[in-house]
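**Student:** Residue-level listing of the chains:
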Amino acid sequence: MTGPQTHTVLSVSGLTKDYPGVRAVDDVSFAIEGGTVHCLVGENGAGKSTLVKMLTGALDPTSGSMSVNGNEYTPNSPQDARKGGVATLFQELHVVDELTVLENLTLGMERSWFGFLVKSELEERAVKTLAAIEPSIDPSARVSRLSVAQKQIIEIARAASSGANIIIMDEPTAALSEREVERLFGVIRRLRENDVTVIYISHKLDEIFELGDNVTVLRDGKHIVTKPLADVDGRSELIEMMIGRTVFQSYSPRGTVGNKVVLKAQGLTTSLLKDVSFDIKEGEIVGFYGLVGAGKTEIARALYGADSFEGAVDFKGKPVGRTPTAAIASGIALVPEERRTQGLFTNLTIRENIPVMNLPRVSRGGVFKAADVQDAAHQYVEQLSIATSSIEKHTEKLSGGNQQKVVFAKCLFSNAELLLLDEPTRGVDVGAKSEIYDIIKDLADQGNAVAVFSSELEEILGICDRVFLMFDGHLQEEIPNGPDVDISHILNVVTGGQESVAQ
Amino acid sequence: MTSYSNQTSSAARFTSFLRNYYIYFVLVAVVVLLSTANLDQFALFERGNFLYKRNIINILRVSAPLLVMAGAFTLLMVSGYIDLSVGSAMSLSAVVYAMLAINGVPFIPAFALTVLVGVLLGAVNGFLVVRLNITPVIATLITLSLFKGVALLLVQDGVSAIKSGNFLKIPGWFNDYGRAKVLFDLPAAFWVAVAVTLALIVVQNRGKLGKYAAATGGNPTAAKLSGINTGRTVFLLYVIVGASAALAGIARSSFMSLGDPLSGDGMELTAILVVLLGGTAFSGGEGKVLRSFVGALIIMMLTVGMLTIVPAYYQTLVIGSALLAAAASNHLVSRKGKES
Amino acid sequence: AGEGKRIAFFVSDLSNVFHQSQASAAEKYAMDKYGAEVVVFDGQADSAVMTQNVDQIVAGGFDAATLHIWDAEAATPGVNDALDEGIVMTSFFSPITDTGIPTARSDEASVSFEMGAQMATAWKEAHPDKPIVMVQLGWPNHTEVNSGRTSPFVEGVMSVDPGAENLGALDSSKGQEAAKQIVVDLLTQRPEVNLIYSEASNLTVGTMAGLSQLGRGKFEDGKPLTEIVASVDFDAVEFDQVFDPNSSLKVSMGLPPLETAQGRIDLIMDVLDGNVEAKAEPAQEYFYKAYTISYWSMEKDDAQDWLSAQFGG
Amino acid sequence: MSSLTENIPQSLQREKMSDEGFITSLVVIVAVALFLLASLLVPNFFQWQNVVNLVTNNWAVISLGIFVSFLLVSGNFDLSVGGIVALSGVLSVWFAQSPDGANALSSGLGMPYPLAILCALIGALAIGAMNALFVVRLGIPSIIVTLGTMMVARGIAQVITQGSQRNTNLPDEFGFLGNLTMFGTSVKLPVVLMLLLFLVAVFVERKMVFGRITYWIGANPEAATLSGINRSWHITKLYLFSAAVAGMVGILLASEFKSGFSNRGTLMEFDALVIALLGGIAITGGFGSVIGMFFGAIILAVVTSAATGMVLSPDWQFILKAIAVFLAIVTQTWAVARRNR
Ligand SMILES: Nc1ncnc2c1ncn2[C@@H]1O[C@H](COP(=O)(O)OP(=O)(O)OP(=O)(O)O)[C@@H](O)[C@H]1O
Ligand SMILES: Nc1ncnc2c1ncn2[C@@H]1O[C@H](COP(=O)(O)OP(=O)(O)OP(=O)(O)O)[C@@H](O)[C@H]1O
Ligand SMILES: [Mg+2]
Ligand SMILES: [Mg+2]
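Read top to bottom, the protein sequences are chains D, H, R and B.
The first sequence begins at 1 in the working numbering and counts up one residue at a time.
The second sequence begins at 1001 in the working numbering and counts up one residue at a time.
The third sequence begins at 2001 in the working numbering and counts up one residue at a time.
The fourth sequence begins at 3001 in the working numbering and counts up one residue at a time.
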C-alpha cells in the first residue's frame, strides 16, 4: 500500500497541551509518513482537534516539539504553517459569507501586484478542485447563499488546492452527503498520488478503513498506538483501542411501541417539502432518512414551529402552536442540526445552558431557584457523562462531542414527550453514540416518542422502529425496521429510484 | 434542482439590483423633492431654486469634508471596526494646517505635513485597537477626547480658532483649496474627494486590502485562519481613515479660512449616518464606497438644500425619518427576495 | 423699499431664548413694516454651519442678509461673493473683516463690567472679611463671549476689589445639566466661591439648581449669604429671581430682542434706500443697547415694563 | 479525576469567580482607585459630599444606562434614549402649558399635570414601540433604527419648541417632582428612583428568569429561539422599558429645570453606551453586568468632578478624560488577559 521508500514528513515528540484544569494532549509522540493518508481517531475530547491546532500554529504547545521534513517546526500562525507546507481544514466552518466562492477559495493566498489582486494559477487549480468535488457550485456565487455542506466543500477545495504537501482535515465529512463523500475521497486519493500527505480525522470508522493507510489512536490526550490500518483487525479492535472496551449496536425490536398515535402530521408543505403526511406513536422511535437536502431538517423544524409551513400538525389530539415556544409548551423538543450556531450558548457555562428549555422547572415567580439549577447541571453532566472539569466551564471550551451532549441535556431537561433529534450524533464518538442510543431507547421505553432525522443509515437502522424515506421533499415510503430490511432498496429510494411503489 | 436555482436567481437578481441601487433612487427622490418643494415661488433652474447651478456648486463645495471621509470610513466599517475620533482628528488637522499656514509654511508642505499628522492620528487608533486590543468604540472615544483636547490646547486661551490676529495673518492662498474654482466651478477640495473615492473604489474591488477588509469584517476567525494578518489590515484602515480625516480638516479649514478646534465636532455621527444610509452593515463584511459617497451627498443636500424651504429645526426630523425610511425599504426589499 | 424682498436673518443659536425671540420678532416686523419676507438661518452654535449658511445667501436667491457669525474671517469670502451679486449685506455682533459692510452690535462689554462691579460692591459691603473668589460658567474658548462677557466682568470685579481671586471660566457649553454638575462639584470642593457669572440664561437655570441642591443660592432680605449670581439674556423666568430679596441671582444682562430685531431689519432697509453705505472703510457700526437689569439699580416695575416691551409678554 | 472532585462539597466546587464577576469587581476597584488618586491630587476632594455628588450628578445617565445595558447584553443597541429624554420633556411641558400664552412658544394644551405626564410617557413609549417594530418585526439592525428614532424623537421635540425651549406659562406643580427632596437631605426624588431602579435591575439580572433570557438572547439569538424563548417579545419589552425610563428621565429633568428644552440630553445616548462599555459589558452581547455600568459611570464622574474642582480649561479636561478612560480600560484588558493566560 505504501510506496517502496517511506520517509517521515511530520513528527511530533513529547507534545503536551494544558488548558486550565485539563491536560488536553499528554506527551504525544508519533511520526507520519509522506504520501499517505494518516488517520487520527479517538473519543470525543481525546485531544484530536487540540493536536491539530498545535500543528497549524493556532495554539502553542505547553511543551514538546514538532518537525517537518526533519526540520524543527514552530508555526506561530496558520499562515506560518501554510508557509511550512501545512494546510488545514478545521472542525468548525471557516468561510466568509460576504465573499464569493472564488474569493473564499483564494483567501489568504492571493497573488498581488502593488496591493492589487492579480489572477494566478492557484485560482484555476482551486476552481478545478471545486468542480471535481461538487460541480454544481458556481464559483461566482456569494457564499451566504450556500448550504452548510456546500460551505464545507469550499473549505475542502481550498485546502486541497493550496499546494501544501501536508493537509489536515478535522471531520471534513460530518455534513456531507454520501455522493459528496465519495467525490471527496477521489480528491484525497489523487492528492496522495501526488505525494501529498493527508492527516484525516473522523468518527466514521468505515471511512477510516476505506481511505486510511496508517492510524494513530488517542485516548484521554495520550498516544495509544500508531500503525498501518492493514494491521488493524477490523472495527472492533479500533474501537477497543479508542475507548478501552467494545460496543455493538444492532436493532432489536422493542415491545413497548404503543398503539396510540401521539403526533399526526398532515400535508406539510414548504418551499422544499411537498405534501408530507405521517404519524408517530407513543413509545415509538421513528427515523427519517434521506440525502442532504432531502428535507429532513425541514420536517423537524416545521414540527417544532421553527419555520412556517402549510398543513396541519396535531400532537396528542391538539394542534401544535407554530412557534418553538408553543411546541415546547405542548411537549415537543428539538436537538437542532448545528450545535454551535443553533443549539449552544457557547460563551455561557454548562450550568447556564441546561435549564433554558424548561424555565418553570427551576424558577418560581420568575426568580431562579439557584440550587435546582446546580443540581440539574450536575445530574446531566453525570447522566450523559459529559467530560468536563466543572459545570462552570464555558461550553465553547468543550470538545465537539461533549458540546453535543450539552445540547442533548438541554432537551432532556425540557421533559418533552416527543423528541426531535436532527443528526443527534454528528461528531459524536462511538462510545458516546451508544450511550446516546441507550438514552433514546430508555426514553421511548418510558412511553415517549422520538423522531430521529439522520443521514447515517447505520444509525437509523440501529435504533428506529419505523423508517420514513425522503427524497427531494417527498416522503417516498414508510418501512418497518427489522432484521430483513432491504438496504439496497432503501438506497434506491432515497436517491430517487422510481420503480419502488409499494412493498 | 437546476430549475429551482434558476428561478431564484432571476428573483435574486432583481433583489440584488434593488439592494445595490436603492441609494440612487433615494438620491433622485431627494433631488426631486427639494427642487419641487419651491415650485410655487421659483421656476425650475432659476435663481433660488434647488437645481440652480450656484446652489449645486455650493452644496458640493461644503460637502467636500464629508465626501472625502465617507469612503475610508466605509472600508473601516466593512472590516467591522469603527472610528468615533474622526471628528476630533479632523478638528486637530484643521488647527495644525492653519497653524502651519499662519506661520508661513507654503501650501504644499503644509498640506503634506497635515496629512502626515492624520496618518499619525490614525496610527494611534490602530495601535490602541490592534495592539492593546481595546474595543474600537472605547478606543476611539478615548482618542476623540484626546485629539480634541490637543486641538484646543494648540489654540490660545479665550480665542475660538487659529485665525488672523494682531501679529500673524492667514495667507491669501489659504482658502483657495476649499473655494477657488478649479474645474466645472468646483474647488480642489471637492476633486480631491472625488479622486480619493475613486481610488478607494478600486481598492475595494480590485485591491487586496478591500478583500481583506471584507473578510475581516465578515468572519474574523476565518480570515485569521486563512493566514490574513487582520491586525495589519485594520491598522492600515485606521491610518487611511486618519489621513482622510486630515484631508477633511484641510478642506473645512480652508473653506472657513481659519483653524477651528471644534469644526469637526459631531462629524463621527454624520459619517456613521452616511455610511449606514449607504447600506453598510454595522456588523461588518458588507458595504460599498460609492454608495456611502452618494449617502453623503444625500445628507448634505438635505441639510443645506432644505434651509431655504423649511426652518432649520425640521432638519433632524427629516434626516432621521429619511434614515429610517431608507433602511426599512432597503431591508424589506432584500428580505422579500430571500423569502421567495 | 422692501416690498417682496427676501431677507436672510442669521442667528447663532436658535435654541437660545433671546435669539428665538429676536428671530420671530424680525419675521413679523419685516413683513408688517416693509412687506419683506424673512428666512431665519440657525447657526446651531457651530461655526462650520454658520459659514456654510453664508454661501446659501447667494444660492438661495436672497436680496439681503444680516449675518450673525462667530468667526468673522470665515464669512469674508462668502460676503464678498454676495456683494458681487449685488446682495445687501449687513452684520450683527461682529464686523466682517475687510468687507466694510455695516455692523449692528450690542454693547455687552459695558454691561458685563457694570454687573461685575455691582456684585463686588454688594459682596464687600455684606462680608468685608470674606475675600472675593469668582468663577464664570460659559464658553472659555470663544472669542466673542470672552471679549463681551468673561473679560469685562472680571475687570469690573477687579475695579472694585483688585485683590479678588479669579478661578477662571469653566466650559458649560453642554447646557443646563452640565452647569448644574459644575456648580455642584465646584462648590463642594471650593465652597469659598462667592461671585458666579453664568453666561447665558439657560446655564443660569442649571446654576441655580446646583446651588439649591447644595443648600445655597439664598439671600437674606437683600443681603448675600454665600454667593451672588449674574446672568445673561434676562427673561420672564429670571425676573422673579432677580427681584426676590431671598435669591442670590441678582443681576442679568438684558438683551432686547425686539429692539435688536427691528434695528437689524431697519439697517438693511437703510442700505437698500441708500441712507447707509453698502460698504465703508472702516465699516460703520451701529450699537444697540444692552441693559443692566439689576436688583440694586433698577425698579421691579421698570424691569417688568422692559420685559413686556421687549418680549411682548 | 472525578474521584478527586467527589469528596469536595459542591459549594466549593464552583471554580474561581466567573469572568463577569471578575470584570465587574475590577471596574469597582478602578473606580475606587481613581477616587483615591483624585483625593491625593485635588484639595478638598476627599469628602462624603463629593461621593454623594458622584451619584446625584449622574442619576439621569445611570437610569438610561440600565436598559441600554440590558439591550446591549441582548445584542441590541439603544441610541434613541437621548432623543426620548428631549421629546418627553418637551411634551410634558407643551401638554401642561396653559393655552393662553402670548406667543407660540408660551402656549400649550393646558392639560392637568398628571395627564400631561401620562401623555408624555405615551409619546416616549411610541418611540420605544417604533424601535421594537423596526428591529424585531422588520429585522433592521438596531444601531440604524435607534440612530434614526433618536433623530426623529429629537426632531419632533425641536419642531414643537421651534428649535428652542418652552419654559413659560407652566402650572406651579410642574417643578414639584424634579425638585422634591427626600428624607430631609438634599437628595432628590429622581436620585432615589434611580437607585431603586438600579437595585431592581441588579436583582432581575442576577436572580430572575427575565435577566437570564436577556443573556441567552445575546449569547446566541438563534439558539434562544430554538430553545423556546420568545425573542421578539423579549426585545420588544426591553425597548419599551428603555423608552419608559428615558421618558421618565425626560419628564423629571423638565420638571427639575422647569423647561422643555429640545437639546436636552444631547449625546446622552452615547454617554449611556460609554459607561456600559466602560463597565465591562461586551458590545457583542451576552456578557456584562449593570453593576459594572454603574461604576463605569462613577469612573467618568470622578474625572469630571476632579477636573471641575481643579478648574481645568476644556483642553486639559478632554485630555484628562482620555487618559483616565485609557487607564481604566487598559487595566481591564490587561487583567483579563493575564487571568486567561
Ligand atoms: N479552549 C479550551 N479551554 C479549555 N479546555 C479546552 C479548550 N479546548 C478544548 N479543551 C479541552 O481539551 C480536551 C480535548 O479537546 P479536543 O477538542 O482536542 O477533542 P477532540 O478529540 O477534537 O474531540 P471531538 O471529537 O469531540 O471533536 C477536551 O477535554 C476539551 O474539553
Ligand atoms: N437547492 C438548494 N440550494 C441551496 N441550499 C439548499 C438547497 N436545498 C436545500 N438547501 C439547504 O440545504 C439544507 C438541507 O436541507 P434540509 O435541511 O431540508 O435537508 P436535510 O435532509 O435535513 O439535509 P441535511 O442532511 O443537511 O440535514 C437546508 O439548510 C437548505 O437551506
Ligand atoms: Mg474535535
Ligand atoms: Mg438536516
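Calculated directly from the structure, the hints in this document are not laboratory data.
Treat the hints with caution; some may be incorrect.
[To be verified] PhoX-like, lysine-lysine: derived pairs with alpha carbons at most 25 Å apart:
#1 H:Lys1208 x D:Lys397
#2 D:Lys397 x D:Lys316
#3 H:Lys1208 x D:Lys83
[Claimed, not checked] Just so you have them, the derived chain D footprint on chain B, three or more residues with Cβ under 8 Å:
#4 3052-3058
#5 3222-3229
[Stated by the list, open to error] Residues of chain H clear of chain B, computed beta-carbon distances all greater than 10 Å:
#6 Phe1014
#7 Leu1146
#8 Gly1231
These numbers come from a predicted model, not from an experiment.
Positions of the beta carbon are idealized from the N, C-alpha and C atoms, including for glycine.
**Student:** Now tell me, hint by hint, if it's right for this structure.
**Tutor:** Each hint, compared with the structure:
no., hint, in the structure
1, H:Lys1208 x D:Lys397, "violated, 34 Å"
2, D:Lys397 x D:Lys316, "violated, 39 Å"
3, H:Lys1208 x D:Lys83, "holds, 19 Å"
4, 3052-3058, "violated (count 0)"
5, 3222-3229, "holds (count 8)"
6, Phe1014, "holds, 20 Å"
7, Leu1146, "violated, 4 Å"
8, Gly1231, "holds, 15 Å"
Figure legend: structure checked against the earlier numbered hints; hints not met, in rising order: 1, 2, 4, 7.
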